[in-house]
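Undergrad: Sequence:
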Amino acid sequence: MDKTNFKKQSLKEANQHPAYYKTLSKVENAIIFKTMMQVAYGFVGKEWPPMEKVFTGMRKIHND
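In my numbering, the protein residues as written are 58 to 121.
Since the hints were derived computationally from the structure, they do not count as laboratory data. A few of these clues could be false.
Derived lysine-lysine pairs resembling DSS-like cross-links, with alpha carbons at most 30 Å apart [said to hold, decoys possible]:
1) K83 <-> K103
2) K64 <-> K79
3) K91 <-> K79
Each pair of labels, with its calculated beta carbon distance range [said to hold, decoys possible]:
4) P75 <-> K103: 26 to 32 Å
5) V111 <-> F90: 25 to 31 Å
6) A76 <-> M108: 31 to 37 Å
From a predicted model like this one, the values you see are computed outputs, not experimental measurements. Note that beta-carbon positions come from the ideal geometry of N, C-alpha and C, so glycine has one too.
Put together the whole structure using the sequences plus the hints.
TA: What follows is the structure in structure tokens.
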């Protein structure tokens, strides 16, 4: 995770975030979440990376 884009905060500043996010709509929160994920994982301005969908095995179901 690239931490160079984040600001170091005081405990008081960090404690104000939950109250702020509760005032936003679900759409606004989703946009903020997507932006934070893009910054954290380094794909700002690009499409969301594809998920790796490799089949790793079969689950056994027991019908006792």
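Undergrad: Run every hint past the structure and note whether it holds.
TA: Evaluated hints:
1. A distance of roughly 23 Å separates the Cα atoms of K83 and K103; the hinted pair therefore holds under the 30 Å criterion.
2. A distance of roughly 21 Å separates the Cα atoms of K64 and K79; the hinted pair therefore holds under the 30 Å criterion.
3. Pair hint K91 plus K79 holds up; C-alpha atoms about 17 Å apart against a cutoff of 30 Å.
4. Remark: the range hint 26 to 32 Å for P75 to K103 is upheld by a beta-carbon distance near 30 Å.
5. The given range of 25 to 31 Å is respected by V111 and F90, whose C-beta atoms sit roughly 26 Å from each other.
6. Between A76 and M108 the CB atoms are about 33 Å apart, so this pair conforms to the stated range of 31 to 37 Å.
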